[in-house]
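A.B. asks: Chain W: place on chain R using the hints.
Residues per chain, in single letters:
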Amino acid sequence: GENVEQHPSTLSVQEGDSAVIKCTYSDSASNYFPWYKQELGKGPQLIIDIRSNVGEKKDQRIAVTLNKTAKHFSLHITETQPEDSAVYFCAASKRSNDYKLSFGAGTTVTVRA
Amino acid sequence: DSGVTQTPKHLITATGQRVTLRCSPRSGDLSVYWYQQSLDQGLQFLIQYYNGEERAKGNILERFSAQQFPDLHSELNLSSLELGDSALYFCASSVGWGGNTGELFFGEGSRLTVL
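Line by line, the protein sequences give chains R and W.
Counted the way this note's numbering counts, the first sequence spans residues 1 to 113.
Counted the way this note's numbering counts, the second sequence spans residues 1 to 115.
One chain only, chain R, in its complex shape (with noise of 0.2 Å):
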C-alpha cells in the first residue's frame, strides 16, 4: 500500500517566520494529496489539497507544492501566528483505491510568540 514519511516530527517557529513540512510518498500513482490541521482536542480538518496536474497551490498564508518527479510534497506556512501552533498531517491518495487516504505521521508545529 502507500507509504507516507513526514518530516519533521516537530517544529518550533518564532511567531512571524516561515513554516515548512514535508511529505513523500511511495506510489507514482497517487494523485490527491491533502493536508489536515489537528488542533488540541479537535479532530483533522482539512486545509488546502493539490491534486497531481498541478504543481502549487495557494491559499492566503498557505501554499502547497508538489513534485510528481521526486514524489514529494510540502506544505508551506508564512507569516505564521500562534493559531497556526497544532499538529499538521500530510496524506496521498489514489483513484484505484478508491481515494482511501493514507496520512503521514504527522508534525507539531509551535509558534513561539
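Wrong hints could be hidden among the right ones.
Only pairs whose alpha carbons sit at most 25 Å apart, straight line, appear in this in silico BS3-like list of lysine-lysine [what the hints assert, rightly or not]: (1) R:Lys37 <-> R:Lys71; (2) R:Lys42 <-> R:Lys71; (3) R:Lys37 <-> R:Lys94; (4) R:Lys68 <-> R:Lys42; (5) R:Lys94 <-> W:Lys57; (6) R:Lys22 <-> R:Lys58; (7) R:Lys37 <-> R:Lys68; (8) R:Lys71 <-> W:Lys9; (9) R:Lys94 <-> W:Lys9.
Think of the hints as simulated: they come from the structure by calculation, not from any bench.
C.D. replies: Chain W alone, transformed into the frame defined by chain R:
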C-alpha cells in the same frame, strides 16, 4: 464544528472487555470512515462505509467490526480489548466515495483507555 458527532468522548475499560463507539455523519454525507490515532502511529485507516455498505478496509483487526445503519450513523465495535487498543478513534464523513469523495470531515474523536 465539523458536523460529525462521536460518542462517547472518553471511555475507560478493562482488558478483555467490549466497547461500541458511535458516529453520526454530517447531514447529507453518505460515507463514513473510521481511523485509529495512536501516539506512535499517526492516523491509521480502519474501514469505510458508503450508504450502508462496506467500501474499503484498512488495518482493522479481526476483533474489531463496524457497520453503518439505514439512518447512516455508524458504530465501531471493539472486542477482547488489549492495552494496545488504547487510542483516539476518529470518525470522518464525506459526501461520496472514490473520485467523488470530496473533503473528509472529522469528528472530535473517542478516546479509549484500556487498563
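A.B. asks: If a hint holds in the structure, say so; if it does not, say that too.
C.D. replies: Going down the list of hints, with the structure as the test:
| no. | hint | verdict |
| --- | --- | --- |
| 1 | R:Lys37 <-> R:Lys71 | holds, 22 Å |
| 2 | R:Lys42 <-> R:Lys71 | violated, 30 Å |
| 3 | R:Lys37 <-> R:Lys94 | holds, 21 Å |
| 4 | R:Lys68 <-> R:Lys42 | violated, 31 Å |
| 5 | R:Lys94 <-> W:Lys57 | holds, 15 Å |
| 6 | R:Lys22 <-> R:Lys58 | holds, 16 Å |
| 7 | R:Lys37 <-> R:Lys68 | holds, 23 Å |
| 8 | R:Lys71 <-> W:Lys9 | violated, 37 Å |
| 9 | R:Lys94 <-> W:Lys9 | violated, 32 Å |
When held up to the earlier numbered hints, the structure conflicts with 2, 4, 8, 9 and fits the remainder.
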